[in-house]
Amino acid sequence: MQAYPASEEMSTRKRARHPRVAEKLIKAVHEVVDRSPRTSSQLESLRRAYTPEVPPVLGSTVQKRLDAEPTTCVANEAEIKSRFPNLYGQPVVHLEPAMAVGVAAERMPLRVGCVLSGGQAAGGHNCIVGLFDYLRDHHPGSTLYGFTGGPKGVMVNAYSILTDEVIDKYRNSGGFTMLSSGRDKIESEEQFQMAVETARANQLDGLIVIGGDDSNTNACVLAERYAAEGLTTRVVGLPKTIDGDLKNEHVEVSFGFDTAAKLYAEMVGNIMVDCTSSRKYYHFVRLMGREASHLTLEVALRTHPNLVFVGEEVKKLKLTLAQITTQAADMVAERAAAGMDYGVILIPEGLIDFIPEVGALIAELNDLLAKRDESAADRSQPAEQWVVGRLSTASHAVFTLLPDAIRSQLLLDRDPHGNVQVRFRPCCALKRPRTPPASAHAAA
Numbered sequence: 000m001q002a003y004p005a006s007e008e009m010s011t012r013k014r015a016r017h018p019r020v021a022e023k024l025i026k027a028v029h030e031v032v033d034r035s036p037r038t039s040s041q042l043e044s045l046r047r048a049y050t051p052e053v054p055p056v057l058g059s060t061v062q063k064r065l066d067a068e069p070t071t072c073v074a075n076e077a078e079i080k081s082r083f084p085n086l087y088g089q090p091v092v093h094l095e096p097a098m099a100v101g102v103a104a105e106r107m108p109l110r111v112g113c114v115l116s117g118g119q120a121a122g123g124h125n126c127i128v129g130l131f132d133y134l135r136d137h138h139p140g141s142t143l144y145g146f147t148g149g150p151k152g153v154m155v156n157a158y159s160i161l162t163d164e165v166i167d168k169y170r171n172s173g174g175f176t177m178l179s180s181g182r183d184k185i186e187s188e189e190q191f192q193m194a195v196e197t198a199r200a201n202q203l204d205g206l207i208v209i210g211g212d213d214s215n216t217n218a219c220v221l222a223e224r225y226a227a228e229g230l231t232t233r234v235v236g237l238p239k240t241i242d243g244d245l246k247n248e249h250v251e252v253s254f255g256f257d258t259a260a261k262l263y264a265e266m267v268g269n270i271m272v273d274c275t276s277s278r279k280y281y282h283f284v285r286l287m288g289r290e291a292s293h294l295t296l297e298v299a300l301r302t303h304p305n306l307v308f309v310g311e312e313v314k315k316l317k318l319t320l321a322q323i324t325t326q327a328a329d330m331v332a333e334r335a336a337a338g339m340d341y342g343v344i345l346i347p348e349g350l351i352d353f354i355p356e357v358g359a360l361i362a363e364l365n366d367l368l369a370k371r372d373e374s375a376a377d378r379s380q381p382a383e384q385w386v387v388g389r390l391s392t393a394s395h396a397v398f399t400l401l402p403d404a405i406r407s408q409l410l411l412d413r414d415p416h417g418n419v420q421v422r423f424r425p426c427c428a429l430k431r432p433r434t435p436p437a438s439a440h441a442a443a
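If you're matching positions, the sequence shown starts at 0 in numbering that gives the first Met the number 0 and goes up one per residue.
Bear in mind the hints are in silico, worked out from the structure with no lab data behind them.
Treat each hint with caution, since some may be false.
[What the hints assert, rightly or not] With a straight-line cut-off of 30 angstroms between C-alpha atoms, the simulated DSS-like cross-links for lysine-lysine are:
#1 Lys246 x Lys261
#2 Lys261 x Lys279
#3 Lys261 x Lys168
#4 Lys23 x Lys184
#5 Lys317 x Lys246
#6 Lys246 x Lys184
#7 Lys246 x Lys314
#8 Lys370 x Lys184
#9 Lys23 x Lys168
Between the sequences and the hints, there should be enough to build the whole structure, so can you do that?
Shown next, in the form of structure tokens:
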């Protein structure tokens with residue numbers, strides 16, 4: 000594909016407002032690319048030559064067909080409709096081969112942007128490769144803008160024009176190296192206006208946001224803003240998450256989940272083989288998935304561990320922390336009685352958030368910590384000392400049951416998504432020498 004003749008002239012004008020930030024983002028990505036090996040192994044060359052299967056409809060120029068009925072939502076209809084007055088109720092779009100329905104193929108050149116948002120997932124590069132190939136084959140003369148550094152690249156208009164030379168380096172490869180990613184969100188009025196200026200300056204026909212649930216929510220809000228501004232830029236969210244929690248009747252599975260499940264299953268399988276060889280350790284394996292246990296369940300179905308906790312089941316059965324602990328302890332005791340002092344237990348990353356009594360505790364802590372932050376006098380007291388005296392009886396009992404390290408984690412600042420940072424161990428715990436019990440071993 001070739002860039003429009005005026006693109007370089009436009010580039011100078013439209014980046015004038017944030018030139019240093021844009022140049023810094025682009026430079027950072029190029030530095031990573033420049034450090035990449037100049038030669039490829041035979042395996043890498045063969046991998047790049049592989050052509051993945053694609054749905055037959057994408058083998059030709061497509062024609063869209065709209066459902067007769069408008070879409071709706073499962074709850075909070077009035078609120079959602081008020082927030083998305085331009086987008087709410089749009090019908091489902093079906094893609095069909097244009098020639099099959101007797102419609103002349105529209106092969107006009109397009110200007111399309113793409114951006115990687117959030118954590119990596121296998122297949123990200125091929126999403127961009129597939130977009131590039133489709134535009135090249137069915138809309139000759141199109142320009143594909145790769146915004147670098149995640150959503151921030153869209154805000155400051157930091158991009159690279161993607162060419163055959165660039166695209167071919169990343170066919171069938173992992174990582175998000177081509178453009179790099181980021182976890183910035185387009186939230187403030189200034190940030191939305193910056194994103195509007197980027198779309199307007201580049202005369203974008205479309206913007207593809209490749210990301211997870213937060214990124215797709217942000218994409219939806221951005222699409223509403225574009226529509227309100229009268230822009231013709233269409234925003235498309237491409238579901239990406241290894242957690243497998245971004246799906247519905249139209250999205251069978253998000254890309255990245257299948258690869259993650261297979262890779263984790265291989266690793267857990269190796270640990271299980273080690274267990275049967277050493278016959279003296281218990282491995283507690285924590286898998287990705289804060290708000291969904293799909294990945295943990297899929298790995299369990301592939302490997303058959305000795306015990307697996309599914310967050311959704313824990314929540315449905317309203318299991319307590321003591322019941323979960325007892326269940327694990329009973330399993331260890333039963334196996335010990337049979338002469339098997341080893342095993343593997345799978346735990347989803349967000350298990351603690353699924354335990355009802357812990358969820359209530361976290362909600363109380365969030366409210367209390369927010370109130371504490373408002374008062375300088377309250378902040379002068381140690382957080383744990385201040386909080387303990389203000390918890391409800393039930394939450395106080397749960398909080399005091401937890402180990403010191405976990406209590407400290409529950410009092411840490413929340414992550415950018417507002418979640419408790421239960422994944423991280425304090426540095427002091429990592430550095431503190433300790434001798435694990437002979438019958439227990441943790442692997443996360």
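Do the hints match the structure? See the list:
1. Distance check on the hinted pair: Lys246 and Lys261 sit about 19 angstroms apart at the alpha-carbon level, within 30 angstroms; holds.
2. Under the criterion of a C-alpha separation no larger than 30 angstroms, the hint pairing Lys261 with Lys279 is consistent with the structure, at around 26 angstroms.
3. This hinted pair checks out: Lys261 and Lys168 have alpha carbons roughly 25 angstroms apart, not beyond 30 angstroms.
4. Between Lys23 and Lys184 the CA atoms are separated by roughly 19 angstroms; this keeps the pair inside 30 angstroms, and the hint holds.
5. For the suggested pair Lys317 and Lys246, the alpha carbons sit about 25 angstroms apart, so the restraint of at most 30 angstroms is met.
6. Simply put, Lys246 and Lys184 have alpha-carbon atoms about 22 angstroms apart, close enough for the 30 angstroms limit, and the pair holds.
7. Note on Lys246 and Lys314: the hinted pairing holds, with a Cα-Cα distance of about 20 angstroms set against a maximum of 30 angstroms.
8. Pair hint Lys370 plus Lys184 holds up; C-alpha atoms about 26 angstroms apart against a cutoff of 30 angstroms.
9. The hinted pair formed by Lys23 and Lys168 meets the criterion: a straight-line CA distance of about 22 angstroms does not exceed 30 angstroms.
Hint compliance for this structure: every hint is met.
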